[in-house]
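Asker: Residue numbers (our numbering), protein chains in the order written: chain A, 1 to 209; chain B, 1 to 434; chain C, 1 to 239.
Honestly, the hints are just simulated from the structure, not real lab data. One or more of the hints may lead you astray.
DEER-style ranges, computed between Cβ atoms [stated by the list, open to error]:
#, chain 1, residue 1, chain 2, residue 2, range
1, C, 177, B, 221, 50 to 58 Å
2, A, 106, B, 408, 39 to 47 Å
3, B, 76, A, 28, 50 to 58 Å
4, A, 149, B, 232, 37 to 45 Å
5, C, 126, A, 101, 33 to 41 Å
6, B, 408, A, 189, 20 to 28 Å
7, B, 316, C, 183, 28 to 36 Å
8, C, 116, B, 176, 33 to 41 Å
9, C, 11, B, 206, 45 to 53 Å
All C-beta atoms, glycine included, are put in the ideal place defined by N, C-alpha and C.
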Amino acid sequence: MGLTVQPDPASAVSWNPQTQEGWITTRLDFLVNWGRANSLWPMPFGTACCAIEFMASAASKFDLARFGMERMSFSPRQADVLICAGRVPFKLAPVIRRIYQQMHQPKWVISMGACASSGGMFDSYAVVQGIDTIIPVDVYVPGCPPRPEGLIYGIMMLQKKVMEERMSNAGLRDELMPDPTSQLYIPPSRIDELSEPFGNSVHQTRSAP
Amino acid sequence: MATATSKRTIEVALSTTGLGPDGKPQRIPLGAEGLTRAAPALEPEFEGEHMLINIGPQHPATHGVLRLVLELDGETVVRCIPHVGYLHCGFEKIGEYRQYNQIIPWTDREDYLNSMGNNVAYALGAERLFGIEITPRCTVLRVIAMELSRIISHLVWLGTTCIDIGAFTPFLWSFQERENVYNLLERWTGARLTTSGTRVGGMIADVPEGWTDQLRHFIATFPKTLDQVDRMLNKNAIWVGRTVGLGVMTPEEAMNYGLSGPMLRASGVAYDVRKDFPYLDYETYDFDVPVGTNGDVYDRFLVRQEELRQSVRILDQALQRLPDGPVNVDDPRVILPSKTKATSEMESMIHHFKLVMEGPRPPIGEVYVPIESPKGEKGYYFVSDGTAKPVRWRIRPPSYVNLSAIPKMVEGHLLSDVIAINASIDIVMGEIDR
Amino acid sequence: MTTSKEHGTPTFQVVYPGQPGDAPATLRNIAHRGGAMNPSVDALRATFGAAILRSEVVWGDTTVYVERAKVAEICAWLQGDPSQSYEYLVDVTAVEYRDAVRAIEVVWHLRSLKFRRFLRLKAELPKDGKTPLAVPSVWAVWKGADWLERECFDMFGIRFEGHPDLRRILMWEQYKEGYPLRKDFPMRGRFSRSEQLKQALAANPEARYSMEELSISDAFEDLPTDMRSRLLGGEKTGE
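Chain A extracted, bound-state conformation (with noise of 0.2 Å):
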């Protein structure tokens, strides 16, 4: 790096046709970044509502393949962005982990909706408080479920956060490892803790009157 003008900051990329002839010089982080913003390849893991409004993102209307993620890769080792979209309950908890594990870096997640940010409504004994209890997320989408536009937002989100990616960061791939024997990323005071009821839904334990 160094060796031509620094790049302008709002392009990044300077071009000079009549000095350079055939060449662009670019930061290599910005070049690779902005490769992988404008290809995430999404695995929908789409269980309930949501996934029928991440269908309608991906039909003509709204129309992903805008944003390099019409080609949806439901295998994960072949898949960037895993698209958690709707309630997930613990009986697929370790389905979403081994998911997870399965994909390659770089690799990212958007929890798509309440449920899957926070359990939303489904306070009950059968539902993941929010998957961020089982697996790192990078952007939360809210809605119930979130409409297209809100989903597009949030995969632009993502899109910004990629760009900002720097290959000093050493930290930057390092794969998450869970304890051992708890088979948990954080401690279990702080799921506990995330868990909480919160809300209108701390009145609604009482099943009668």
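Fit chains B and C to the supplied structure of chain A, relying on the hints for placement.
Answerer: The following block gives chains B and C in isolation, referenced to the frame of chain A:
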């Protein structure tokens, strides 16, 4: 059987025999003269060695998180063991902790393709439990809501089934039409998918001005899409070849397995809740119940196709007869006073407060009210002990019972047909696992 | 449908529900209690006598309380007798009341397509600590009862005697917290969230063979060694 290992290498017959005099590969159709030969005695002990295949719970063709464990003999399914419960969220338990109006948002998310229909089904059950008769305008509006959600549910079925069987275009068509219905629902209830459109004793709101014109426009344009799908699929050799004769259920079997909806009708049982146990004055609408005669995947496709057209007919009639008048019943037990009154009159405010905080209380009793959902007979079973929250709120899930017959339908068919048969059941895991 | 002629597959005789010429109408102004009782009740009393405990009509639907041990017999008669013809099992479920002493009720919803009738059967299981939570299975009468009974077992712990494969269906097989729809089961479960997650993650999602459910036990000797050792270790499906 002990020696049946590593014999999988099969000599592949090439379709080109070599280069011709012009230097191009010669192509001879398979089976032509000179290429036919006796089938080699490959793997004499092949039969009997079974293979296990696991499909799901995360698989694009299982329409959610269904998991099928298949035991295969070659490519033939010998045994199929479905596993469900990967989306079990405890709806029925949560229902025991919520007041009657508070449960409605859960009905959206249970069969999320038919959310408005579930809202109506729920309200019908709760109203019978409260002993409420709804207004004429509300009745017709609910018919419109149910038929619209039947259309969008069948459209998802059409789109995803086409993808499973190998056609992508109908998926785009059906999602374009769904967007039109979404726009209608959004104008009415404020939500595209999870509508929560009813309340006990009425609707969330009357339809906005100009809404009926938008619906008329939809009714006028939608059958064209159906015609396109007809033209593309009904006589399509691939489509017919991949659907005819698969997963046959006889009428007796279908009834014994408790199938309902298009699954049952494709098997030749003309049972439709709208005709046989009518609700919402369905007996006064002029519509036909399509019935299949073969009970295979193709018949299920035809039955759903025809139901889409019949839904359009019902919508048309409902629009013609839509009466004026109030949408909500005049019953202070369940219906909130208007916001203006609640903020200006003391009694109305107290009434509003009590209804919201304590909730309406039905008399002791139990009801089961079935409706014809796109998947089949759906019903909510309420048991009340006189308090503001039900003792038991049970969902009768049609696709759960329909899916339980899948081992019966797939065993003996090829692995690739499992996908088509599974798609023909029109499962929605939110309803199956609840 | 014209498919039959084109493809030469056998066709079915179409079954029409109801009697010819009678078109039902939407029910209106249903009384809370009382009203016309389902005629099947009298026939049941005539056939089974003391096994029919009592009957009532609530919001237009007839409920018959029957003796627990006779359920399968009664259902087989209701399904098979041409004068009843309840060929369709709608639902099997259970109700536990908030009352600590009131019996748990098992509920069967039956439908006759031929006569357009709906009947609710109930059997009571008193919570006296002595009565076992068990009723006869109706799987032999209606195959549709298979998963409905499994679900009822999973959610309430009620055993259906005679069911060929009574396993948990919605919760995973090693689920330790109990039966979720029982009233003594808290809505958020018995364990803390971290404990629930820990137990759920301990399940192996790739485990997919169990001797009980697959007919591979005949071919056991031919299986790869690792699979054999896993099966011998009592591996269940990875739910």
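Asker: Please check whether residue 408/B and residue 189/A have a Cβ separation lying inside 20 to 28 Å.
Answerer: Since residue 408/B and residue 189/A have Cβ atoms about 49 Å apart, the given range 20 to 28 Å is violated.
Asker: Given the range 50 to 58 Å, decide if the beta-carbon distance of residue 177/C to residue 221/B lies inside it.
Answerer: 52 Å, holds
Asker: Quick one: are residue 106/A and residue 408/B within 39 to 47 Å, going by C-beta?
Answerer: Since residue 106/A and residue 408/B have Cβ atoms about 46 Å apart, the given range 39 to 47 Å holds.
Asker: Quick one: are residue 126/C and residue 101/A within 33 to 41 Å, going by C-beta?
Answerer: Since the Cβ atoms of residue 126/C and residue 101/A sit about 50 Å apart, the hinted range of 33 to 41 Å is violated.
Asker: Hint says 28 to 36 Å; check whether the CB-CB distance for residue 316/B and residue 183/C agrees.
Answerer: At 48 Å between Cβs, range violated.
Asker: Falls inside 50 to 58 Å, the C-beta gap from residue 76/B to residue 28/A?
Answerer: Since the Cβ atoms of residue 76/B and residue 28/A sit about 54 Å apart, the hinted range of 50 to 58 Å holds.
Asker: Is 45 to 53 Å right for how far apart the beta carbons of residue 11/C and residue 206/B are?
Answerer: Roughly 47 Å apart at Cβ, these two residues keep to the hinted range, so it holds.
Asker: With 37 to 45 Å as the target window, see if residue 149/A and residue 232/B comply at their CB atoms.
Answerer: Because 30 Å falls outside the window, the suggested range is violated.
Asker: For the range 33 to 41 Å, tell me whether the beta carbons of residue 116/C and residue 176/B fit it or not.
Answerer: Distance hint for residue 116/C, residue 176/B holds at roughly 40 Å.
Hint violations for this structure: numbers 4, 5, 6 and 7, all remaining hints satisfied.
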